[in-house]
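There are 4 protein chains.
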Amino acid sequence: MRGITQVRVYFSDTDQMGVVYNGNYLTWFEIGRTELMRERGCDYASVEDRGIALPVTEAHLRIRNPARYNDLVEIETRVGRLRTRDLAFLYQMRVEDRLLAEGETVHVPVNRETGRSVRLPDWLRGELDAGTNVP
Amino acid sequence: MRGITQVRVYFSDTDQMGVVYNGNYLTWFEIGRTELMRERGCDYASVEDRGIALPVTEAHLRIRNPARYNDLVEIETRVGRLRTRDLAFLYQMRVEDRLLAEGETVHVPVNRETGRSVRLPDWLRGELDAGTNVP
Amino acid sequence: MRGITQVRVYFSDTDQMGVVYNGNYLTWFEIGRTELMRERGCDYASVEDRGIALPVTEAHLRIRNPARYNDLVEIETRVGRLRTRDLAFLYQMRVEDRLLAEGETVHVPVNRETGRSVRLPDWLRGELDAGTNVP
Amino acid sequence: MRGITQVRVYFSDTDQMGVVYNGNYLTWFEIGRTELMRERGCDYASVEDRGIALPVTEAHLRIRNPARYNDLVEIETRVGRLRTRDLAFLYQMRVEDRLLAEGETVHVPVNRETGRSVRLPDWLRGELDAGTNVP
Chain A
-2 MRGITQVRVY FSDTDQMGVV YNGNYLTWFE IGRTELMRER GCDYASVEDR GIALPVTEAH
58 LRIRNPARYN DLVEIETRVG RLRTRDLAFL YQMRVEDRLL AEGETVHVPV NRETGRSVRL
118 PDWLRGELDA GTNVP
Chain B
-2 MRGITQVRVY FSDTDQMGVV YNGNYLTWFE IGRTELMRER GCDYASVEDR GIALPVTEAH
58 LRIRNPARYN DLVEIETRVG RLRTRDLAFL YQMRVEDRLL AEGETVHVPV NRETGRSVRL
118 PDWLRGELDA GTNVP
Chain C
-2 MRGITQVRVY FSDTDQMGVV YNGNYLTWFE IGRTELMRER GCDYASVEDR GIALPVTEAH
58 LRIRNPARYN DLVEIETRVG RLRTRDLAFL YQMRVEDRLL AEGETVHVPV NRETGRSVRL
118 PDWLRGELDA GTNVP
Chain D
-2 MRGITQVRVY FSDTDQMGVV YNGNYLTWFE IGRTELMRER GCDYASVEDR GIALPVTEAH
58 LRIRNPARYN DLVEIETRVG RLRTRDLAFL YQMRVEDRLL AEGETVHVPV NRETGRSVRL
118 PDWLRGELDA GTNVP
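Residue numbers (our numbering), protein chains in the order written: chain A, -2 to 132; chain B, -2 to 132; chain C, -2 to 132; chain D, -2 to 132.
A portion of the hints provided could be inaccurate.
Stated by the list, open to error - Selected chain A positions facing chain B (in silico; Cβ < 10 Å):
#1 F8
#2 D12
#3 V16
#4 N19
#5 G20
#6 T24
#7 T111
#8 G112
Claimed, not checked - Estimated spans, in silico, between C-beta atoms of each pair:
#9 D/D40 x C/P118: 45 to 51 Å
#10 C/G48 x A/R61: 28 to 34 Å
#11 C/V92 x A/R95: 52 to 58 Å
#12 B/D119 x D/R37: 26 to 32 Å
#13 C/A42 x D/S43: 39 to 45 Å
#14 C/R109 x D/G15: 53 to 59 Å
#15 C/A42 x D/G112: 17 to 23 Å
#16 D/D94 x A/S43: 36 to 42 Å
#17 D/G112 x C/R113: 23 to 29 Å
#18 C/G48 x A/A42: 43 to 49 Å
#19 A/T111 x C/E45: 22 to 28 Å
#20 C/V92 x D/S114: 45 to 51 Å
#21 D/G123 x A/A42: 37 to 43 Å
#22 C/R82 x D/W120: 43 to 49 Å
Because the hints were derived from the structure by calculation, they are not lab data. Using N, Cα and C, we set each Cβ at its ideal position, and we do this for glycine too.
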């Protein structure tokens, strides 16, 4: 499962080095995975409605080329591993085929009421897994 | 009631114009009023524990001189009007006596559970009012 | 001159009150005016290329109803006054015709190199003014 | 070389899960390394004055326990590796001895004017290295 969404760079994203501030890439990761899930009929809000939250437990970012003001950045998101107790999303950010940055987030499924870690429910695994192995 | 707190400007606060991004002043407003309340024994978290939230309904900002990277900004906060249905905080931001910006936020007391507007409780008025009229 | 652009609410925009954090509306103001200018062929980046910057000197926000996670917010932006030494943009934010918030930003044209205030150039007035008086 | 600085959690840092938004930890990383450098007489602004910038090329974050509103978070920062072409800072965040999160950022020294990668200058290595090996 893989999807592409676009974000525009505004002044609010930049810092005085004239490039996008590194913390903002984690917001782009959120946009990437949220739009991927929405596109595939597995809206994150509906996952929460079913009692499961997917908090971020790890985030990894590698910046290859800085993103700049007014860039139209393409975020490509894929589902990485899907395990019993955690799952990952993988990200690549590009401007016109130039790779800007890559990253990964790890998420642990938790029961929204208790906050406790739970096994990844089969229905969620099924929705996230759809097409993962398709070339 | 009046208090002063300090914030340092980091890259995360700046944009590529080389100055602090305008939206960040609203975060500084929050820091200013939160630290004022804490100092006076009326911690915002404890207000919420007593069932009242004070969401922002208006914010007004006037930038006189831009704040810059590494500036140590002094936020002076005062309680403005205290009315039955709303209250205001007033802010002035300075670097070494140079006025950077001024602002105001308006807040409506609401019942945290219902989200409905309520009268400003006497205990909260009392705590916020302490010293307001002292020169 | 008037334009509409849409933004989606993500977790990054919300705070623990479960609504959009007030400072983020100023980022939406930037998105609103930037997309309005782009749409009308007066891209902000090209204004800067011609030597003029338009820093925010005032921002005013009134929140009527809180925006929430996953809302698709419509930002309607209009050019307000266009004067020799300053200009304003006006904003209304809605979700499905429900008014969430209104606001205004004031900008002073400055020479990008010197940082000094300058008269609003005729070419920029012309581009921003196009259609302002059309009903 | 190791230093500790404190940050308070405000609403602006939280999201509607009721915890600190993951992207904000990268801002805390910046605060941690900036204050470490300042404390040791190697102010980042003065590094830039000498013509060197240290942009972030990688950031890694592991969240062990979520930080919450009003927490007073202790950021402990250490210099990690110091190599010819890159260097790293290591971070641990705690609230009253409870580990919240750990992380690392990697930085490449660049010439501020050309933007090109340069060798880590000896004067900077010396300042960052001071005390690194002291227990």
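Could you tell me whether the CB distance from C/A42 to D/G112 stays inside 17 to 23 Å? Once the Cβ atoms are compared, 19 Å apart, the range 17 to 23 Å for D/G112 and C/A42 holds.
Range hint compliance [Cβ, C/V92 to D/S114, 45 to 51 Å]: This hint holds: roughly 46 Å between Cβ atoms.
Could you see if the CB distance from C/G48 to A/A42 stays within 43 to 49 Å? holds, 46 Å
Can you verify the interface hint for A/F8: is its Cβ closer than 10 Å to any Cβ in chain B? At about 4 Å, which falls below the 10 Å cut-off, the nearest Cβ of chain B leaves the hint on A/F8 intact, so it holds.
For the hint 52 to 58 Å, verify it against the beta carbon of C/V92 and that of A/R95. The hint (52 to 58 Å, Cβ to Cβ) is violated, given that C/V92 and A/R95 are roughly 35 Å apart.
Could you say whether the range 37 to 43 Å given as a hint is met by the Cβ separation of D/G123 and A/A42? violated, 53 Å
Does A/T111 pass the interface check with chain B, least Cβ-Cβ distance below 10 Å? violated, 21 Å
When the least beta-carbon distance from A/T24 to chain B is tested against 10 Å, hint result: Check failed: Cβ of A/T24 comes no nearer than 12 Å to chain B, outside 10 Å.
Is it true that the C-beta distance of D/D94 to A/S43 lies inside 36 to 42 Å, as the hint says? holds, 39 Å
Verify the CB-CB distance for D/G112 and C/R113 against the hinted window 23 to 29 Å. Holds, at about 28 Å.
Holds or violated: the hint that A/N19 contacts chain B, with Cβ atoms closer than 10 Å. holds, 9 Å
Check the following: the C-beta atoms of C/R82 and D/W120 are separated by a distance inside 43 to 49 Å. The hint (43 to 49 Å, Cβ to Cβ) holds, given that C/R82 and D/W120 are roughly 46 Å apart.
Taken one by one, the earlier hints fail for this structure at numbers 6, 7, 8, 9, 11, 12, 13, 14, 19, 21, listed in ascending order.
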